[in-house]
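S.K.: Heads up: the protein sequence lines correspond to chains A and B, in order. Here UniProt numbering is used: position 71 in the first sequence is 71, and no number is missing along the way. Here UniProt numbering is used: position 87 in the second sequence is 87, and no number is missing along the way.
Worth double-checking, as some hints may not be accurate.
One copy or two, either will do: identical chains are not told apart, so a pair holds if it fits within one copy or between any two.
[Claimed, not checked] Below, in silico cross-link-like pairs of lysine-lysine (DSSO-like), each with a Cα-Cα straight-line distance of 30 Å or less:
hint : residue 1 : residue 2
1    : K5        : K21
2    : K5        : K110
3    : K82       : K145
4    : K110      : K13
5    : K118      : K18
6    : K13       : K145
7    : K21       : K145
8    : K18       : K37
9    : K110      : K21
10   : K81       : K110
11   : K82       : K110
12   : K81       : K100
13   : K145      : K18
Since the hints were derived computationally from the structure, they do not count as laboratory data. Bear in mind that the values here come from a model prediction, so they are computed numbers and not experimental data.
There are 2 protein chains.
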Amino acid sequence: MELLKDYILNNGKTIGSKILKVDSFLNHQIDPVLMMKMGEEFKKRFEGVEINKILTIEASGIAIGLAAAYALNVPLVFAKKKVPSTMSDFYTTKVFSFTKNQEYTICVGKDFLQPEDKVLIIDDFLAMGNAVLGLKELVEMAGAKVMGAGIAVTKGFQGGEKLLQDNGIRVESLAVVDSLENGEINFR
Amino acid sequence: MELLKDYILNNGKTIGSKILKVDSFLNHQIDPVLMMKMGEEFKKRFEGVEINKILTIEASGIAIGLAAAYALNVPLVFAKKKVPSTMSDFYTTKVFSFTKNQEYTICVGKDFLQPEDKVLIIDDFLAMGNAVLGLKELVEMAGAKVMGAGIAVTKGFQGGEKLLQDNGIRVESLAVVDSLENGEINFR
C-alpha cells in the first residue's frame with residue numbers, strides 16, 4: 001500500500017538493523033485517516049472471503065482492528081493480555097514475545113468466539129509470528145475458523161510470514177520491510 | 001446519546017451494584033458502527049472548541065479515541081501503561097486504580113505532546129476519575145492544555161465526574177449511569 005510506505009519512509013525511524021519505529025503514526029500517536037484507509041485496503045485484499053469477525057490483540061492492534069472491522073462491517077474482538085477480574089469463562093493461551101524476551105498470556109471471553117465464526121486476524125506488526133499463531137489457537141479452541149491475517153507492517157526478515165503460511169494462514173501485508181541495514185528502509 | 005443507552009440496556013450486564021459490564025460492544029468485543037457514531041457525537045458536543053489532539057489510555061480507550069480522532073480529523077495519542085524499551089524520552093505519572101486496587105504508571109513520548117497542543121481526553125469509562133486526572137498531568141507536564149474530557153459511560157455514583165469538574169475539566173458523557181441497584185440500570 002503506497003500511502004503506508006510513504007508514511008514509513010517519511011516518518012519511520014530505524015534503531016539498528018532490526019527495529020523500525022512507527023510510533024508517530026501507527027502505534028503510539030495514530031493518524032486516523034491513514035488508519036481508516038488501511039481498513040479499507042484490508043477489505044479490498046480479502047474481497048470475496050467470508051468474514052464475520054475481526055480478532056486482534058491489545059493494545060496496538062486495536063486501532064487497525066477497528067478500522068478493518070468498520071470497513072468490513074463486522075464486530076471487532078481484541079484479545080486481552082490480562083484476565084479481567086470480571087471475566088469468568090474464557091479461552092487462553094501463552095505467547096512468547098521475542099522482542100520482549102518473555103512469555104505472556106492472551107485471552108478472549110468465550111461469548112465472543114463462536115464455532116460458526118469466520119475470523120480475520122489483524123495486527124499492526126508481524127515479526128516472528130507468535131502473536132498471530134496464539135490468536136489462531138484461541139479461534140480454534142472455539143471451533144471457529146481463521147480466514148486470513150491482515151498485517152500493517154511485516155518485517156520480512158524475521159520469519160513470521162513464512163511461519164504463518166506454513167500453518168495454512170493467508171497473510172496480506174500492507175507493507176513488507178525486507179531489510180533495515182544501515183538505517184535504510186528497503187521494501188519488498 | 002440514545003443509541004448508546006439502548007446498547008447498554010439491551011446488552012449491558014450488572015454485577016452487584018457497582019459493576020456494569022459492556023464487554024459485548026464497548027471494551028472487549030466492539031461494535032464498530034456504534035464506535036464511529038460515538039466519535040461523531042463527541043465532535044458535536046465539543047463543537048466550537050479548539051482541539052488539535054485526542055489523548056486516551058490503552059487499551060480500552062483506543063477504539064473510542066480513534067473514533068473521536070477520525071471525526072475531529074486530529075491525531076490520536078494513547079498513553080501506555082508500560083514504558084516501551086525503544087522509548088527514551090517521555091512524560092510519566094502514576095495512577096491509582098480503585099477497580100483493581102493498585103497503582104500503575106502511564107507514559108507518553110515527549111514527541112507527541114507539545115506546548116501548543118489543545119487536547120481532548122477521551123475514555124470509555126469514568127468511575128473515580130483518576131485515569132483522566134493522570135492524563136491531564138501528562139498534558140500539563142508538556143505545557144499543553146486540556147480542553148475537555150469525553151467519556152462514553154460515566155458511573156455517576158462514583159464521584160469521578162465531580163472530581164474532574166472540580167479540577168476545571170469540562171466533562172461530556174454519552175451516557176451517565178446513576179445507579180445499578182438490584183440489577184437495574186438507571187440513567188440520569
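S.K.: Determine for every hint whether it applies to the structure shown.
M.R.: Checked hints:
no.	hint	in the structure
1	K5 to K21	within (13 Å within a copy, 40 Å between copies)
2	K5 to K110	between (37 Å within a copy, 25 Å between copies)
3	K82 to K145	within (24 Å within a copy, 33 Å between copies)
4	K110 to K13	between (39 Å within a copy, 16 Å between copies)
5	K118 to K18	neither (33 Å within a copy, 35 Å between copies)
6	K13 to K145	between (36 Å within a copy, 28 Å between copies)
7	K21 to K145	between (32 Å within a copy, 27 Å between copies)
8	K18 to K37	within (27 Å within a copy, 39 Å between copies)
9	K110 to K21	between (34 Å within a copy, 15 Å between copies)
10	K81 to K110	both (15 Å within a copy, 26 Å between copies)
11	K82 to K110	both (15 Å within a copy, 27 Å between copies)
12	K81 to K100	both (14 Å within a copy, 15 Å between copies)
13	K145 to K18	neither (32 Å within a copy, 37 Å between copies)
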